[in-house]
Amino acid sequence: MYILGISCFYHDSSAALLKDGKIVAAAQEERFTRKKHDTSFPENAIKYCLESQKITIDEVDYIGFYEKPFLKFERFLYQHLQCFPKSYKIFLSSIPNWTNEKFRIIKIIKKKLKYKKDILFMQHHMAHAASFLISPFKEAVILTIDGVGEWTTTTYGFGKENDIKLLKEIKFPHSIGLLYSAITAYLGFSVNNSEYKVMGLSPYGDMNKKTNQYYEKLKKVIDIKDDGSYRLDMSYFIFHYANRMPSKKLCILLDGPVRQSESEVTQRHKDIAAALQLITEEAIIKILNYSYKLTNCKNLVISGGVGLNSVINGKILRNTSFKNIWIQPDPGDGGTSIGAAVFIYNTILGNKRIYELDNPYLGPEFSKEEIKKFLEENNIKYYEFKREKEIVRETAKLIYNNNVVGWFHGRMEWGPRALGARSILSNPCNPHMQEILNLKVKHREKFRPFAPVVCVDDASEYFDCDKPIPLPTDFMLMVYPIKKRYHKKIPAVTHVDGSGRLQTIRRGQNNIYYDLIKEFGKLSGIPILINTSFNIRGEPIVCTPYDAYKCMMGTGIDYLIMDKFLIKREDNPQDIWDSEESAKD
Amino acid sequence: MVCLEPLTIRLFVKRFPLINKMKEKILEFLSGLKEGQKIFGKNIATIINSILLSIVYFIGVGLTSIFAKLFKKRFLDLEMNTGTYWEDLNLSKEDITKYYRQF
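First to last, the sequence lines map onto chains W and L. Under numbering that gives the first Met the number 0, the first sequence is numbered contiguously, ending at residue 584. Under numbering that gives the first Met the number 0, the second sequence is numbered contiguously, ending at residue 102.
Among the hints, erroneous ones may be present.
[Said to hold, decoys possible] Stretches of chain W that chain L covers, calculated by requiring three or more beta carbons in the stretch to come under 8 Å of a beta carbon on chain L:
| # | stretch |
| --- | --- |
| 1 | 85–95 |
| 2 | 158–168 |
| 3 | 230–240 |
| 4 | 496–505 |
[Unchecked claim] Simulated crosslink set (BS3-like; lysine-lysine; CA at most 25 Å straight-line):
| # | chain 1 | residue 1 | chain 2 | residue 2 |
| --- | --- | --- | --- | --- |
| 5 | W | K137 | W | K106 |
| 6 | W | K116 | L | K97 |
| 7 | L | K92 | W | K18 |
| 8 | W | K170 | L | K68 |
| 9 | L | K97 | W | K18 |
| 10 | L | K97 | W | K106 |
| 11 | L | K92 | W | K21 |
| 12 | L | K68 | W | K110 |
| 13 | W | K110 | L | K92 |
| 14 | W | K88 | L | K68 |
| 15 | W | K115 | L | K68 |
[Stated by the list, open to error] Computed list of chain W residues with no C-beta within reach of chain L, every gap over 10 Å:
| # | residue |
| --- | --- |
| 16 | F31 |
| 17 | K53 |
| 18 | E387 |
| 19 | R410 |
| 20 | L438 |
The hints are simulated quantities; they were obtained by calculation from the structure and are not laboratory data. Where is the CB? At the ideal position from N, CA and C, for every residue including glycine.
Given these sequences and hints, build the entire structure.
Below, the structure written as structure tokens:
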């Protein structure tokens, strides 16, 4: 039995294919269209999913859609009824999207895919909560928390075997996700894209609740009860009737206007980011403590865009009674295509759970022959390794000698993080590496740290992780303190507060990647690499050999390893494509 | 398009370069016209949509909103209170027929 899950028309369109209870393919549309956070119908991702299993759409038994569009429209209409006439502009700009896309979803699916069977719709937060079904737990508390689905912004519930019950909710406009986005907008970063930058900025601010004046100020914006329920004071926001998020009142409260995107980030901005992070942590920890009291279950599943806040994730097991945590590699809206598919298979149709998502490599891969054909057709000079051991040895040497290496190997990762299939790797021991990477490739804000990757068996030596190391760490979803004695040894991945957003890798998940890290360890004495996404600022992570080569030639990446092929930038003619000009947020 | 032309016409055009030039100009004009029509169509659609949506907004949404406010109906719950803000959801597995619905 094949079930196709689809998520689209909001942000991060994606498709996932489930075969007899196992996810066999999943990808985000942005990787194919090269448009970051692409919202369009995921035609390319669906095509990839079907082709990967060599099936046609006729063999798909069900399609699952990640939300109930008419329920969402009800909320949209209520917003306008409440906010008339202030919402006039947003009404004019949004209605065409509804009439052209969201109201016609069945027609679009049937027409574009020539699909004739059943399409099932589930509530958005149920599609999030369905992450539980691919977790390692038989029973768990489930927390879903994001910007907004149809009406719901936060839920908690309980999952047991095949069943999920979402018990309580908080409704729009009260949303931790939207609060985070509103402050992200206030700080001059893009909404639904740059929230992680605010998270990265927060340790530069005052993380002490007593001395950070913006903590008390932001507390006026949100009322958090002891049971974790909360409500926003909507006089500080205008997102319920305008395209912008913070109101003038919020600007007055935070002592200044909205920051212009390219202007200087001052200490005030950093303190605001810190205050926001503190408040978000406070709300989530309260919700979790309350839901634990009600259920007494030690396992926790988190889903929804706020689940990408890896700083909070890393603090959960230390500040609550939960012992185990699971977050899927893409807890945001992109991940709901997997949720929709597994919810149909396990919960609606009642099939036994047989699958646990422990390997994030669900995207397209390219064979050695395909890559070779690409290189030869484009007259690209390359060297072909004979054995895998040689790739590992030579790549480790290149990285040790402070080269920036593009690493393109196997199936593309599922989710927003590069996890060693489409990654840029470099030496974390070099104190200038952050600067070098920013200069050569990433062109990103100075305050943003780079992430370390370490083999799971070495992680506890370098990082102050929870024990046993939680599985979401494999998906780069947990931030942990780096042990003090290593701060100076791996300066390029040590954030200002001494933390690191590490990825752990287990042998069996990605053997060559694991071996490469170990080999680098033999050379440097530190088995850790910098792992950053293989893209330039403003572009999605690369998908094909063409994307990877183009990215290398448009930036300062020194070497590209694609399967068994080594391509040196200097050996090939420089492309006219200038990443500096293309770099945008 | 050129390839689809009969061979005689192609030979004729080859013999008379002036006609060839005129043909190019005409094709250029026609493609420009087509592009212009597209832009015109889009602009007209935007204007008509805006007019129609404005009518819907001010009459449909506006009147409903005014009447609802007169009767103190709240569409979004914006009030702060002292109790919990959690609301009952109790969402769990339903009959499969309910999942065919978009609401």
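We went through each hint and held it up to the structure:
Counting residues of the stretch 85–95 of chain W whose beta carbon lies closer than 8 Å to any beta carbon of chain L gives 5, which reaches the threshold of three, so the coverage claim holds. Evaluation of the coverage hint for the stretch 158–168 of chain W: fulfilled, as 7 residues show C-beta separations to chain L shorter than 8 Å, against a requirement of three. Residues of the stretch 230–240 of chain W with a Cβ under 8 Å from some Cβ of chain L number 4, which satisfies the need for three, so the listed coverage holds. Only residues whose beta carbon comes within less than 8 Å of a beta carbon in chain L count, and the stretch 496–505 of chain W has 0; fewer than three means the coverage is violated.
With a C-alpha separation of about 37 Å, the suggested pairing of K137(W) with K106(W) is violated against the 25 Å cut-off. A C-alpha spacing of about 16 Å is found between K116(W) and K97(L), which places the hinted pair at or below 25 Å, so the restraint holds. As the CA atoms of K92(L) and K18(W) are separated by approximately 21 Å, the hinted pair is consistent with the 25 Å bound. Straight-line distance between C-alpha atoms of K170(W) and K68(L) comes to about 21 Å, which keeps the hinted pair within the 25 Å bound.
Simply put, K97(L) and K18(W) have alpha-carbon atoms about 24 Å apart, close enough for the 25 Å limit, and the pair holds. Under the criterion of a C-alpha separation no larger than 25 Å, the hint pairing K97(L) with K106(W) is consistent with the structure, at around 19 Å. For a cut-off of 25 Å, the pair hint linking K92(L) to K21(W) stands: about 21 Å separates their Cα positions. Between K68(L) and K110(W) the alpha-carbon distance is near 42 Å, which puts this suggested pair outside the 25 Å criterion.
Straight-line distance between C-alpha atoms of K110(W) and K92(L) comes to about 29 Å, which puts the hinted pair past the 25 Å bound. A C-alpha spacing of about 21 Å is found between K88(W) and K68(L), which places the hinted pair at or below 25 Å, so the restraint holds. A distance of roughly 45 Å separates the Cα atoms of K115(W) and K68(L); the hinted pair therefore is violated under the 25 Å criterion. With a least CB separation of 27 Å from chain L, F31(W) remains clear of the 10 Å interface cut-off, as annotated.
With 10 Å as the threshold on Cβ separation, the claim that K53(W) sits away from chain L holds: the shortest Cβ distance comes to roughly 28 Å. Look at E387(W): its CB is around 46 Å from the nearest CB on chain L, clear of 10 Å, so calling it non-interface holds up. R410(W), annotated as away from the interface, keeps every beta carbon of chain L farther than 10 Å; the closest lies near 31 Å. No Cβ of chain L approaches the Cβ of L438(W) within 10 Å, the least distance being about 42 Å, so the stated non-interface status holds.
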